[in-house]
Amino acid sequence: MKMKKYIIVTLLTLGALATYSCSDDDTVTPDEGSNPTFDRGVMLTNWADNIIIPSFTDFGTKTSALEVATQTFVDDPTTVNLESLQSSWFNAYISFQEVSLFEIGKAEEINYRIRLNAYPTNVSKIDDYIENGNINFALPSSFDAQGFPALDYLLYGLGETNEETLGFFTTHTNADSYKTLLSSVSQTIHSLTEEVITSWTGPFRDSFVANIASSANGSVDKLTNDFIYYYEKSLRAGKVGIPAGIFSNDPLPQNVEALYKGDISKELLLASIETTQNFFNGEHFDGTTAGIGFKDYLDFLNTIKEGDDLSVLINQQFNIAEEKAKTLNDNFTIQIENDNNKMLETYNELQRNVVFIKVDMLQALSIDVDYVDADGD
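Numbering (mature numbering (1 follows the signal peptide of the UniProt record, and there is no 0)) for the sequence shown: -23 to -1, 1 to 354.
Be aware that one or more of the hints could be misleading.
[As the list claims (entries may be wrong)] Heads up, simulated DMTMM-like pairs for lysine to aspartate or glutamate below, C-alpha to C-alpha not over 25 Å straight-line:
(1) Lys272 <-> Glu300
(2) Lys335 <-> Glu322
(3) Lys303 <-> Glu244
(4) Lys210 <-> Asp337
(5) Lys303 <-> Glu251
(6) Lys210 <-> Glu300
(7) Lys210 <-> Asp316
(8) Lys303 <-> Glu314
(9) Lys210 <-> Glu322
(10) Lys335 <-> Asp316
(11) Lys83 <-> Asp104
(12) Lys303 <-> Asp345
(13) Lys83 <-> Asp121
(14) Lys319 <-> Glu251
(15) Lys210 <-> Asp53
(16) Lys272 <-> Asp345
(17) Lys319 <-> Asp345
(18) Lys210 <-> Asp240
(19) Lys210 <-> Asp52
(20) Lys83 <-> Glu172
(21) Lys303 <-> Asp263
(22) Lys272 <-> Glu251
(23) Lys210 <-> Asp345
(24) Lys303 <-> Asp240
(25) Lys319 <-> Asp240
(26) Lys272 <-> Asp203
(27) Lys102 <-> Glu137
(28) Lys210 <-> Glu244
(29) Lys335 <-> Asp273
(30) Lys335 <-> Asp285
(31) Lys83 <-> Asp183
(32) Lys83 <-> Asp203
(33) Lys102 <-> Glu86
(34) Lys83 <-> Asp345
(35) Lys102 <-> Glu141
These aren't lab readings, by the way, just hints derived from the structure by calculation.
Build the full structure now, drawing on both the sequences and the hints.
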């Protein structure tokens, strides 16, 4: 969970930054011409109506399908129904990468991201529930025993094969407890998602779009920080840095995303990179239209770094990181154990964009960082 602490940084006001050039030595040269104002409301409208709400709506259909597939399997635990459930889990997990970064409003209030994707899942807590039947998913202590990682364990970590897994839901002494937990996890994923969708399709959308203030409480400032926090902590660190051992003495292959399924770790990472880049560019959820986003904001301000448009540098670095990630094994556990240097190289390419978006972009947009940074830039 992110801890918010406002760090005051000496920045130029947005008015003085209407158009400017920022060199690699951090000197700023204001444009001598007119000083128009960027329309934050148009960007917020694009974010809400063309990206966030459609993304959550689509994800909601996936979580609904997951809940239905779970109930079908619980009612009739067969190999066919297990495979169908596994497919629904995968589809929803990939779709989750398209909404995970939007930790604002109701999503922030209910700890949405961590409740759906705290990994590695806490197997001890899950096993304790199976034995004793005592778990409350609303308690923070249970956040690491629910969501997609918990389903990953229940669907792929109990047995070496689907036939073995099936036994835990049919012939095992605690088969009923396994089925109850499976249902509860899927239902919680969907119900939490419905809460977020209901909020966005209600009054929150209008208040979000109307809040064009250039301040810590303004919608642009808040979601910009959420975007950077997600990229830095969840994507860069969570998916790559932590399992690769960047923040520890040794690699931690047991901390990869989708540990038990294994061979979708790279696919989840690539989906996350694509989502963050698309949001930076203001691209609509349907993928056919480019709306107003950070790229347009930076271009409006004529933000130059090292002789190039900052927006171009950021997009180039997204592409470089994506190409580096594509060279990884589908299974990050295997990648780390066989050649961790490739994970470290991928982390380094992701890290380069942290500097571009967290330092250079924030300076250009005159936005302060609103969370505590424990590992530096």
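Outcome of the hint check:
| no. | hint | verdict |
| --- | --- | --- |
| 1 | Lys272 <-> Glu300 | holds, 21 Å |
| 2 | Lys335 <-> Glu322 | holds, 20 Å |
| 3 | Lys303 <-> Glu244 | holds, 9 Å |
| 4 | Lys210 <-> Asp337 | holds, 18 Å |
| 5 | Lys303 <-> Glu251 | holds, 12 Å |
| 6 | Lys210 <-> Glu300 | holds, 20 Å |
| 7 | Lys210 <-> Asp316 | holds, 23 Å |
| 8 | Lys303 <-> Glu314 | holds, 17 Å |
| 9 | Lys210 <-> Glu322 | holds, 17 Å |
| 10 | Lys335 <-> Asp316 | violated, 30 Å |
| 11 | Lys83 <-> Asp104 | violated, 30 Å |
| 12 | Lys303 <-> Asp345 | violated, 33 Å |
| 13 | Lys83 <-> Asp121 | holds, 20 Å |
| 14 | Lys319 <-> Glu251 | holds, 20 Å |
| 15 | Lys210 <-> Asp53 | violated, 40 Å |
| 16 | Lys272 <-> Asp345 | holds, 18 Å |
| 17 | Lys319 <-> Asp345 | violated, 33 Å |
| 18 | Lys210 <-> Asp240 | holds, 22 Å |
| 19 | Lys210 <-> Asp52 | violated, 39 Å |
| 20 | Lys83 <-> Glu172 | holds, 7 Å |
| 21 | Lys303 <-> Asp263 | holds, 23 Å |
| 22 | Lys272 <-> Glu251 | holds, 15 Å |
| 23 | Lys210 <-> Asp345 | holds, 17 Å |
| 24 | Lys303 <-> Asp240 | holds, 13 Å |
| 25 | Lys319 <-> Asp240 | holds, 16 Å |
| 26 | Lys272 <-> Asp203 | holds, 17 Å |
| 27 | Lys102 <-> Glu137 | holds, 21 Å |
| 28 | Lys210 <-> Glu244 | holds, 18 Å |
| 29 | Lys335 <-> Asp273 | holds, 17 Å |
| 30 | Lys335 <-> Asp285 | holds, 17 Å |
| 31 | Lys83 <-> Asp183 | holds, 14 Å |
| 32 | Lys83 <-> Asp203 | holds, 13 Å |
| 33 | Lys102 <-> Glu86 | holds, 24 Å |
| 34 | Lys83 <-> Asp345 | holds, 23 Å |
| 35 | Lys102 <-> Glu141 | holds, 21 Å |
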